[in-house]
Amino acid sequence: MSFPLLTATALVPAVGAVATAAVPAARRTAAKWLALAFSLATLVLAGAVLARFDPGGDRYQLTESHAWISSFGVRYELGVDGIGAVMVALTALLVPFVMLAGWHDADPLEEPEPNRRWRPTQGFFALVLLVEAMVVISFEATDVFLFYVFFEAMLIPMYFLIGGFGDRAGERGEDEAAKQRSYAAVKFLLYNLAGGLVMLAAVVGLYAVTAGQLGEGTFSLARIAEARAAGDLAFDPTVEKLLFLGFFLAFAVKAPLWPLHTWLPNAMGESTAPVAVLITAVVDKVGTFAMLRFCLQLFPGASEWATPVVLVLAVVSILYGALLAVGQRDIKRLIAYASVSHFGFIVLGIFAMTSQGQTGATLYMVNHGISTAALMLVAGFLISRRGSRLIADFGGVQKVAPVLAGTFLIGGLATLSLPGLAPFVSEFLVLVGTFSRYPVLGIVATFGIVLAALYVLVLYQRTMTGPVRDGVRGMPDLRARELAVVAPLIALLLFLGVFPRPVTDIVDPAVRQTLSDVHKTDPKPDLTEAAK
Amino acid sequence: MSTTADVHSLWTAAADIHLAADAIQAPKIEYAQLSPTLIVLAAAIIGVLVEAFVPRRARHGTQLALSVTGLAAAFAAVVTLAAGGHATTKAQLAAMGAVAVDGPALFLQGTILLVGILGVLTFAERRLEPAEKGGTLDSFTAQGAAVPGSEDEKQAVRAGFTTTEVFPLVLFAIAGMLVFPAAADLLTLFVALEILSLPLYLLCALARRRRLLSQEAAVKYFLLGAFSSAFFLFGVALLYGYAGTLNLGGIASVIEGGAQLTPALADTTGNDALLLIGGAMVVTGLLFKVGAVPFHSWTPDVYQGAPTPVTGFMAAATKVAAFGALLRLLYVALPGLRWDWRPVMWGVAILTMVVGAVVAVTQTDVKRLLAYSSIAHAGFILAGVVATSPEGVSSVLFYLAAYSFVTVGAFAVVTLVRDAGGESTHLSGWAGLGRRSPLVAAVFAVFLLAFAGIPLTSGFAGKFAVFKAAAEGGAGVLVVVGVIASAVAAFFYIRVIVLMFFSEPKAEGPTVAVPSVLTSTVIAAGVVVTVVLGILPQYFLDLAGQAGVFVR
Numbered sequence: 001m002s003f004p005l006l007t008a009t010a011l012v013p014a015v016g017a018v019a020t021a022a023v024p025a026a027r028r029t030a031a032k033w034l035a036l037a038f039s040l041a042t043l044v045l046a047g048a049v050l051a052r053f054d055p056g057g058d059r060y061q062l063t064e065s066h067a068w069i070s071s072f073g074v075r076y077e078l079g080v081d082g083i084g085a086v087m088v089a090l091t092a093l094l095v096p097f098v099m100l101a102g103w104h105d106a107d108p109l110e111e112p113e114p115n116r117r118w119r120p121t122q123g124f125f126a127l128v129l130l131v132e133a134m135v136v137i138s139f140e141a142t143d144v145f146l147f148y149v150f151f152e153a154m155l156i157p158m159y160f161l162i163g164g165f166g167d168r169a170g171e172r173g174e175d176e177a178a179k180q181r182s183y184a185a186v187k188f189l190l191y192n193l194a195g196g197l198v199m200l201a202a203v204v205g206l207y208a209v210t211a212g213q214l215g216e217g218t219f220s221l222a223r224i225a226e227a228r229a230a231g232d233l234a235f236d237p238t239v240e241k242l243l244f245l246g247f248f249l250a251f252a253v254k255a256p257l258w259p260l261h262t263w264l265p266n267a268m269g270e271s272t273a274p275v276a277v278l279i280t281a282v283v284d285k286v287g288t289f290a291m292l293r294f295c296l297q298l299f300p301g302a303s304e305w306a307t308p309v310v311l312v313l314a315v316v317s318i319l320y321g322a323l324l325a326v327g328q329r330d331i332k333r334l335i336a337y338a339s340v341s342h343f344g345f346i347v348l349g350i351f352a353m354t355s356q357g358q359t360g361a362t363l364y365m366v367n368h369g370i371s372t373a374a375l376m377l378v379a380g381f382l383i384s385r386r387g388s389r390l391i392a393d394f395g396g397v398q399k400v401a402p403v404l405a406g407t408f409l410i411g412g413l414a415t416l417s418l419p420g421l422a423p424f425v426s427e428f429l430v431l432v433g434t435f436s437r438y439p440v441l442g443i444v445a446t447f448g449i450v451l452a453a454l455y456v457l458v459l460y461q462r463t464m465t466g467p468v469r470d471g472v473r474g475m476p477d478l479r480a481r482e483l484a485v486v487a488p489l490i491a492l493l494l495f496l497g498v499f500p501r502p503v504t505d506i507v508d509p510a511v512r513q514t515l516s517d518v519h520k521t522d523p524k525p526d527l528t529e530a531a532k
Numbered sequence: 001m002s003t004t005a006d007v008h009s010l011w012t013a014a015a016d017i018h019l020a021a022d023a024i025q026a027p028k029i030e031y032a033q034l035s036p037t038l039i040v041l042a043a044a045i046i047g048v049l050v051e052a053f054v055p056r057r058a059r060h061g062t063q064l065a066l067s068v069t070g071l072a073a074a075f076a077a078v079v080t081l082a083a084g085g086h087a088t089t090k091a092q093l094a095a096m097g098a099v100a101v102d103g104p105a106l107f108l109q110g111t112i113l114l115v116g117i118l119g120v121l122t123f124a125e126r127r128l129e130p131a132e133k134g135g136t137l138d139s140f141t142a143q144g145a146a147v148p149g150s151e152d153e154k155q156a157v158r159a160g161f162t163t164t165e166v167f168p169l170v171l172f173a174i175a176g177m178l179v180f181p182a183a184a185d186l187l188t189l190f191v192a193l194e195i196l197s198l199p200l201y202l203l204c205a206l207a208r209r210r211r212l213l214s215q216e217a218a219v220k221y222f223l224l225g226a227f228s229s230a231f232f233l234f235g236v237a238l239l240y241g242y243a244g245t246l247n248l249g250g251i252a253s254v255i256e257g258g259a260q261l262t263p264a265l266a267d268t269t270g271n272d273a274l275l276l277i278g279g280a281m282v283v284t285g286l287l288f289k290v291g292a293v294p295f296h297s298w299t300p301d302v303y304q305g306a307p308t309p310v311t312g313f314m315a316a317a318t319k320v321a322a323f324g325a326l327l328r329l330l331y332v333a334l335p336g337l338r339w340d341w342r343p344v345m346w347g348v349a350i351l352t353m354v355v356g357a358v359v360a361v362t363q364t365d366v367k368r369l370l371a372y373s374s375i376a377h378a379g380f381i382l383a384g385v386v387a388t389s390p391e392g393v394s395s396v397l398f399y400l401a402a403y404s405f406v407t408v409g410a411f412a413v414v415t416l417v418r419d420a421g422g423e424s425t426h427l428s429g430w431a432g433l434g435r436r437s438p439l440v441a442a443v444f445a446v447f448l449l450a451f452a453g454i455p456l457t458s459g460f461a462g463k464f465a466v467f468k469a470a471a472e473g474g475a476g477v478l479v480v481v482g483v484i485a486s487a488v489a490a491f492f493y494i495r496v497i498v499l500m501f502f503s504e505p506k507a508e509g510p511t512v513a514v515p516s517v518l519t520s521t522v523i524a525a526g527v528v529v530t531v532v533l534g535i536l537p538q539y540f541l542d543l544a545g546q547a548g549v550f551v552r
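From first to last, the protein sequence lines are chains A and B.
Residue 211 in the working numbering sits at position 211 of the first sequence, and the numbers go up by one each step.
Residue 398 in the working numbering sits at position 398 of the second sequence, and the numbers go up by one each step.
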């Protein structure tokens, strides 16, 4: 039996979480380093996954399969396709930065006198590792039930991260902040839990269908695909649509897609910047990823049936998110709405059902992860210096903290998809992929880019340029730790901006497979038109 | 009305004996197969003797040792029977057809006994109440007969009396619960119902603190319980009139039309009105015990007023026993009638899930909250009951096992949170508990998450099993309603977690008492079972799956 590499990528952070939580209260700093070490070990393992992955090989690689709950037909089945491998790598890559950026996030919670039982620092880092473990395993699960278990379970540590370690900035007072924070955490949980429970009904339904037609229920993607190819399994169209809706709703809440997005600005606004990055750059990606892996693969017919509506929702998300971002007065909520807009692009790319669209969407997930992390983390550094999230409280930062302003600008430019930076490539691919099949939607979506330029540049102008405001005077520039967080992310943005091949090469075969699942081929370019 | 029915049945019994005079045989009792119940009953009787003859000082320890030993021995007997194949291949009716020894019976008996052991441990806890004059106090009143607030009561407290009768009482209740899911005829079922109920009514009244509330709870429970018993008995009489037999299997064969008619009852036998009304009344009696809507109204008051260890035990074990009996009645006696009872049970299940979950949202007392949550859970379990398939049975068995341990554990945690007036059950007092006692709060959070059915806890595995069985049984609507009710229910479980972890502690808030090894064991067992059944449920699902067939 070969080394279970995929299990290891999830097990290492899980073990790390337990180990970190067990560190005694007085050894706070040791706990931080321990957690960071575990996250780096996970990164190494994720690198090994990428290295071992052969784009020309089988669809799912590094597979593991063990019996788990045979009464439910559930197996512990892991495997990655190109998309999964890239997402695992993205997660493992971002978590160390999240930790470094949040190095002091739990400090305000520490009590002055030593308290043996109260260990917020250990809790924070353990929860981050736990989220990482659960996200990683949901990118790797090829059993629907296994995926569902972790898709739901990850809400709990995430919930504690939002509600327990929220943003303490601002003049609204600790009581009001606590109220807002717990409101945001509960809203996050209830939206996602409700979506997840609807999905549970669909999961149960999937079992009933497979059990009815195959004699024994199964959740294994491989088994279902096999049975379908052999003609043993065929969904009744109505049932398929209902099941698709159950799955899609959960993923659309998570992604989040308009009009199910309203928890995101609250959650990102009230949590600390690193946790906000964890939400939008890591956890939410499970939603869009799962649309690709589960909705399209399991229910190709229903996916096609739902495509027009989903595309319209995606375009609405793009424009609505961007428009609201323009109107925000709060930096973090602005970035949250920008993310809503970007998730619209990702969903658009997925459901355009073209290879450029889906490759672009996958690349978009990676790039959005990195660019939002860069922008949000720098914004977090900025906010913690001033103690306020309001754009109006800033001004002239570039004069006192030029490096901070510069990195903020690069993060912002990445968010608006400036050519040369990574997100441009993915956004371009998504739009091309959409345009070749749905030209009108492609054109409308392009307005999202225009609005993006508006909200990013106005944000930069108001906070960084102009006369130096009172609270900004004497603001220190980025420290070494902070620079260590931002510099690698920016380097990656530049690298993937000019050379996205490493990612697209891995992703492409998986995308073609998914397209063949939904019986779609790319529309042929119309040569007669070009000849004129 | 019920007297005429009784006379009627006595008369026919006499006629029977007369007709079959030469066929009388000495009753054959399979003592080995009945040993779990007999052991518990013996322990209970010895417990009564201990009350009479052992000096007061030594009673507590003796009773505790006796109860735990008795329950453990009974559990060992259950395991031996199950290992000997009595759950599967050798399943049969014992004691002349009065008691079934089969898979569901043994599975549920095992669960009840384990829960009973944990319950007894919480009963025996004496470290939580602030001790007066160096004595140690448990959760029970010094003297049940003393009027609250009277001189008698003060004297009893001063003398350091303790109510160690609770141990034999709970053993009697457990004995009734062991027979309840195993009873194969309606009269045995009724006797078991009374044996399990009467000690519980008493136990509810014995709280040390807030005695009036406790006594009120007991009276409510007793009156409504007596009412439901009357319903049950009336239904039994009507069913006898219909079938001419009290035997569950016998009733089923009359419904299927394959049985011989009793000549004396030729006028009424096969009268569908008797069958439908009688069946409905019997089922009503059982639905009362499981706390299903619309027979749930006693639950919150009783759960709140009873001493918390009693609440925990009762909430877990009674539900297990009553669902066992309900399953047996519906699956053994009335399967031929399922097209009649299934729609009704659908309605009851939907109502129970929705009302339980929705009303729980407005609760401000932990014990009442858990009471409404138990109502919602009864609804989820009913969704498995209506599946009418072996999978339905085994999913219900698994759910009951999972749920009962979570419940006992959760109520054990409730006993720890105290202020000057005893347990602090108002939710506002729980604010900031996570900061003051992270471990206790975390443990309670685990139980709440299990109640909410979050994956990786036993609650999720149970819920999935039940919903799966319901979906396969064609009750997809129930699954959808169940899922929506779960979402509503999740809201109030989460609210408690928010309160514990994200609210500032109140200055005058309650403290968390440090329990003795007894309560700690109970809580630890609850957590372990919750997590193990959540992550590796297969072994227990197999066990429940093998136990999914009733003997007739």
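Be a bit skeptical, because a hint or two may be false.
[As the list claims (entries may be wrong)] Here are the computed lysine to any residue pairs in the SDA-like style, where the Cα-Cα straight-line distance is at most 25 angstroms:
#  : chain 1 : residue 1 : chain 2 : residue 2
1  : A       : LYS187    : B       : ASP419
2  : A       : LYS179    : B       : GLY509
3  : A       : LYS187    : B       : LYS220
4  : A       : LYS187    : B       : ALA442
5  : A       : LYS520    : A       : LEU418
6  : A       : LYS399    : A       : VAL310
7  : B       : LYS506    : B       : ARG552
8  : A       : LYS187    : B       : GLY85
9  : A       : LYS241    : B       : PHE491
10 : A       : LYS399    : A       : LEU418
11 : B       : LYS220    : B       : VAL359
12 : B       : LYS28     : B       : THR69
13 : A       : LYS179    : B       : LEU427
14 : A       : LYS179    : B       : LYS220
15 : A       : LYS179    : B       : ALA487
16 : A       : LYS241    : A       : LYS179
17 : A       : LYS179    : B       : VAL332
18 : A       : LYS179    : B       : GLU504
19 : A       : LYS241    : A       : LEU214
20 : A       : LYS179    : B       : LYS506
21 : A       : LYS179    : B       : VAL157
22 : A       : LYS187    : B       : GLN363
23 : A       : LYS179    : B       : GLN363
24 : B       : LYS506    : A       : HIS519
25 : B       : LYS28     : B       : VAL332
26 : B       : LYS506    : A       : LEU418
27 : A       : LYS179    : B       : LEU439
28 : A       : LYS179    : B       : PRO438
29 : A       : LYS187    : B       : GLY432
30 : A       : LYS187    : B       : VAL332
31 : A       : LYS179    : A       : LEU190
32 : B       : LYS506    : B       : ASP419
33 : A       : LYS179    : B       : THR511
Hints in this document: simulated from the structure, not taken from any laboratory.
So, going through the hints one by one against the coordinates:
no. : hint                : result
1   : LYS187/A x ASP419/B : violated, 32 angstroms
2   : LYS179/A x GLY509/B : holds, 19 angstroms
3   : LYS187/A x LYS220/B : violated, 39 angstroms
4   : LYS187/A x ALA442/B : holds, 21 angstroms
5   : LYS520/A x LEU418/A : violated, 31 angstroms
6   : LYS399/A x VAL310/A : violated, 45 angstroms
7   : LYS506/B x ARG552/B : violated, 58 angstroms
8   : LYS187/A x GLY85/B  : violated, 51 angstroms
9   : LYS241/A x PHE491/B : violated, 28 angstroms
10  : LYS399/A x LEU418/A : holds, 24 angstroms
11  : LYS220/B x VAL359/B : holds, 20 angstroms
12  : LYS28/B x THR69/B   : violated, 28 angstroms
13  : LYS179/A x LEU427/B : holds, 17 angstroms
14  : LYS179/A x LYS220/B : violated, 40 angstroms
15  : LYS179/A x ALA487/B : holds, 22 angstroms
16  : LYS241/A x LYS179/A : violated, 40 angstroms
17  : LYS179/A x VAL332/B : violated, 54 angstroms
18  : LYS179/A x GLU504/B : holds, 10 angstroms
19  : LYS241/A x LEU214/A : holds, 20 angstroms
20  : LYS179/A x LYS506/B : holds, 15 angstroms
21  : LYS179/A x VAL157/B : violated, 45 angstroms
22  : LYS187/A x GLN363/B : holds, 20 angstroms
23  : LYS179/A x GLN363/B : holds, 20 angstroms
24  : LYS506/B x HIS519/A : violated, 61 angstroms
25  : LYS28/B x VAL332/B  : holds, 23 angstroms
26  : LYS506/B x LEU418/A : violated, 52 angstroms
27  : LYS179/A x LEU439/B : holds, 24 angstroms
28  : LYS179/A x PRO438/B : holds, 20 angstroms
29  : LYS187/A x GLY432/B : holds, 20 angstroms
30  : LYS187/A x VAL332/B : violated, 46 angstroms
31  : LYS179/A x LEU190/A : holds, 16 angstroms
32  : LYS506/B x ASP419/B : holds, 12 angstroms
33  : LYS179/A x THR511/B : holds, 24 angstroms
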